[in-house]
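A.B. asks: Given these sequences and hints, build the entire structure.
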Amino acid sequence: MKLQDNIREAKQKKGILLMTHIVLGYPSFEVNRAVIGQMVDKGVDLIEMQIPFSEPMADGPVIVKANQDSLANGTRLADCLDFAGEMAATHKIPFLLMTYYNILFKYGLEKFCRKTADLRIKGFIIPDLPPEEGAEYLGYCRQYGLAPIFIYAPTSTPARMRELARYGEGFIYCVARRGVTGSQTTFGREFAEYMAQCRASTELPLAVGFGIRNRDDVNAVKGRAEIAVIGSETIRLVDAEGASAVGPFIAGLR
Amino acid sequence: MKNNGYYGQWGGSFIPEILHETFAQLNKVYETARHDPAFWQEYVDLMATYSCRPTPLTYAGNLSRHFGGAQIFIKREDLNHTGAHKLNNVIGQGLLVKRMDKKRVIAETGAGQHGVATATMAAKFGLQCTVYMGEEDVRRQRPNVFWMEKLGAEVVPVTSGSGILKDAINAAFRDWVTNMDDSHYCLGTACGPHPFPEMVAWFQSIIGLEAREQISKQFGSAPARVYACVGGGSNAMGIFQGFLGQPDVELVGVEAGGYGLASGKHAARLASDDSSPGVAQGYKTMFLQDDDGQMRTTHSVAAGLDYVGVSPILTDLWEQGRVRFASATDKEVMAALELTMTREGIIPALESSHAFAQAFKEVGDLPADQSVIINMSGRGDKDIFTIANAFADPSWQQFIINKGKEYEAAR
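The listed protein sequences derive, respectively, from chains A and B. Quick note: the first sequence uses the numbering used here, first residue 1, plus one each step. Quick note: the second sequence uses the numbering used here, first residue 1, plus one each step.
Hints may be right or wrong, so weigh each one.
Some but not every residue of chain A turned toward chain B, in silico, with C-beta under 8 Å [unchecked claim]:
(1) V31
(2) A58
(3) V62
(4) Q68
(5) D128
(6) R160
(7) R162
(8) A165
Simulated coverage check for chain B against chain A, where a stretch passes if three residues somewhere in it have a Cβ under 8 Å from a Cβ of chain A [what the hints assert, rightly or not]:
(9) 128-140
(10) 253-264
(11) 300-306
Worth flagging that the hints you see were computed from the coordinates, not collected in a lab. Beta carbons are placed, not taken as given, at the ideal position from N, Cα and C, and that holds for glycine.
C.D. replies: Written out as structure tokens, the structure reads:
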């Protein structure tokens with residue numbers, strides 16, 4: 001089944017789906033394992049696992065630091081792939097990989113797609129790869145049944161949104177506001193108009209991320225998108241209170 | 001050089017979606033300016049009256065005799081306002097900022113030259129200015145930080161990553177994705193996503209246009225070789241463009257050899273075997289990276305050359321065999337700097353001294369009826385703290401210690 005169909009089916013049963021984010025190897029793979037266990041246990045519907053990169057241009061301070069610390073701990077790409085495979089084999093929900101293009105490019109695009117498809121990864125979010133630069137990437141995603149997930153931004157014009165929808169699979173990741181990951185977002189009228197524009201531009205399910213931190217934020221997204229994305233907030237929580245705080249936090253979101 | 005942002009297989013535009021429209025606008029304004037002769041004239045006029053263009057081409061008679069080979073000419077970008085070639089690019093982009101009606105500029109800086117140039121332009125054009133600078137570079141280049149702040153800019157030390165130029169670029173991009181509506185990112189070198197490599201190279205081409213005319217007037221024929229240091233590659237692109245159409249002129253890019261190529265502590269992307277194709281900071285080029293695609297730490301005595309990537313235009317010219325790449329070690333650079341000061345009374349920046357060092361290794365092999373041009377991208381006297389430190393000058397050290405005591409006592 002295609003990722004978008006998985007999402008639509010799951011959405012039938014729940015008012016809104018939750019996607020969470022972790023940075024691989026931060027603070028360690030052991031903690032990643034415990035956090036993901038709790039997330040799945042409390043009903044998280046999708047998880048994006050970020051392969052750390054030395055130049056995470058589109059990320060905010062919390063995730064930048066996590067990328068940096070993970071690499072400083074000695075995290076290698078091979079460890080990330082092993083761990084991703086382990087998670088996809090252990091848990092039933094879809095797992096995605098998020099990273100920057102150089103990680104795929106350096107590994108070899110086809111090899112990366114073949115390998116991750118074998119590991120039963122469902123798709124990729126690559127924030128520095130617009131479709132204009134991604135012809136080869138899109139070809140291998142198609143060939144190996146991986147969903148290339150594209151991003152809408154509040155600065156995207158309707159024409160650009162329709163263009164991106166032509167290339168995307170799985171869902172569209174709607175960035176809720178300008179800026180990088182991890183700061184406050186106001187879910188006001190402007191946000192509602194933006195989401196209406198996103199909806200009108202694609203048949204694909206919509207996910208909303210950037211600045212979703214609590215139950216109110218998740219509620220603000222309900223009815224406007226299929227998926228609410230919790231990114232930096234769980235990293236902050238694990239930093240402050242440890243892995244065991246994640247379960248209750250997730251349980252309180254909807 | 002029209003190409004949709006690719007030079008052979010290098011370049012491109014790998015940008016987050018949120019900047020798509022910002023780049024569309026920038027491309028439009030840039031293309032319009034590029035096809036408008038009045039824009040270039042306005043630029044040249046401003047550089048003549050506000051800065052010091054055309055900068056002279058100086059015959060280095062003493063050095064030429066010292067090596068006994070080709071006649072050495074020095075293109076004096078040190079005499080440009082703010083003491084380096086950086087202002088050429090910044091004034092050009094400043095004119096585009098006015099056309100886009102933006103009120104604020106963001107810049108990254110390594111050595112501080114580009115930061116000072118941007119702060120200068122912002123002051124002149126009435127723009128707000130924020131400069132991102134790696135904390136390591138803030139430590140190395142305090143005098144430039146002092147001037148940027150005095151010129152009215154906000155200087156933000158960047159602590160993420162290794163705290164050097166590449167990290168300042170990432171931080172500047174993060175600011176831009178938040179403030180793109182009223183801010184322009186004034187990228188300082190011929191790298192990054194399209195149109196930056198081409199646009200920065202265009203503004204810097206003023207160096208090569210002048211040099212071509214000057215050498216022909218002063219020496220009577222084209223030079224045998226042109227030497228330029230290469231960090232991101234903007235001064236090299238600037239002077240090389242004057243001679244790209246003359247296949248007999250050999251173009252030599254000189255990278256930072258640091259402690260030597262064998263040490264692994266250098267920033268030689270094209271002159272060493274340590275780099276490989278990659279995509280980062282919005283463009284594809286040869287990067288110093290590990291097998292996983294993580295960028296490596298680089299080293300150079302010159303902050304302005306301490307960078308993991310290199311202009312995609314230069315990578316293409318290297319691949320075509322049009323530009324030869326070499327490297328000079330920190331040690332060779334210090335020796336070249338000393339020789340240039342004592343023989344010619346000229347103080348090149350540490351960055352520029354790389355070009356001198358490589359020229360000095362080779363110029364003796366060329367006949368005396370030929371000439372070479374060394375692009376002196378900036379002046380060294382304002383880097384007195386760094387240069388005095390690199391020379392480990394005892395009387396300077398004592399001066400600093402005494403000055404510190406004075407400040408301490410006055411507290």
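A.B. asks: Hint R162(A) vs chain B: min CB-CB distance below 8 Å?
C.D. replies: Because about 13 Å separates R162(A) from the closest Cβ in chain B, which is outside the 8 Å limit, the hint is violated.
A.B. asks: Under the criterion of a CB-CB separation shorter than 8 Å, is R160(A) in contact with chain B as hinted?
C.D. replies: Holds: closest Cβ of chain B sits about 6 Å from R160(A), inside 8 Å.
A.B. asks: Is the listed coverage of the stretch 128-140 of chain B by chain A valid when you require three or more residues with a beta carbon under 8 Å from a beta carbon of that chain?
C.D. replies: Answer violated; 0 residues pass the 8 Å Cβ test.
A.B. asks: Going by Cβ atoms only, is V31(A) closer than 8 Å to chain B?
C.D. replies: With a minimum Cβ separation of about 21 Å from chain B (threshold 8 Å), the hint on V31(A) is violated.
A.B. asks: At a Cβ distance under 8 Å, does chain A reach at least three residues of the stretch 253-264 of chain B?
C.D. replies: violated (count 0)
A.B. asks: Grab the minimum C-beta distance from A58(A) to chain B and call the hint holds if it beats 8 Å, violated otherwise.
C.D. replies: holds, 5 Å
A.B. asks: So is the stretch 300-306 of chain B in contact with chain A by the C-beta rule, three or more residues under 8 Å, or is the coverage claim wrong?
C.D. replies: violated (count 0)
A.B. asks: Have a go at the A165(A) hint: is there a Cβ in chain B nearer than 8 Å to its own Cβ?
C.D. replies: violated, 12 Å
A.B. asks: May I ask you to test the interface hint for V62(A) with respect to chain B, counting a Cβ-Cβ separation under 8 Å as satisfied?
C.D. replies: violated, 11 Å
A.B. asks: Once the shortest beta carbon distance from Q68(A) to chain B is found, is it less than 8 Å?
C.D. replies: Status holds, d = 6 Å.
A.B. asks: Holds or violated: is the Cβ of D128(A) closer than 8 Å to a Cβ in chain B?
C.D. replies: holds, 5 Å
Violated hints, in rising order: 1, 3, 7, 8, 9, 10, 11; the structure is consistent with all others.
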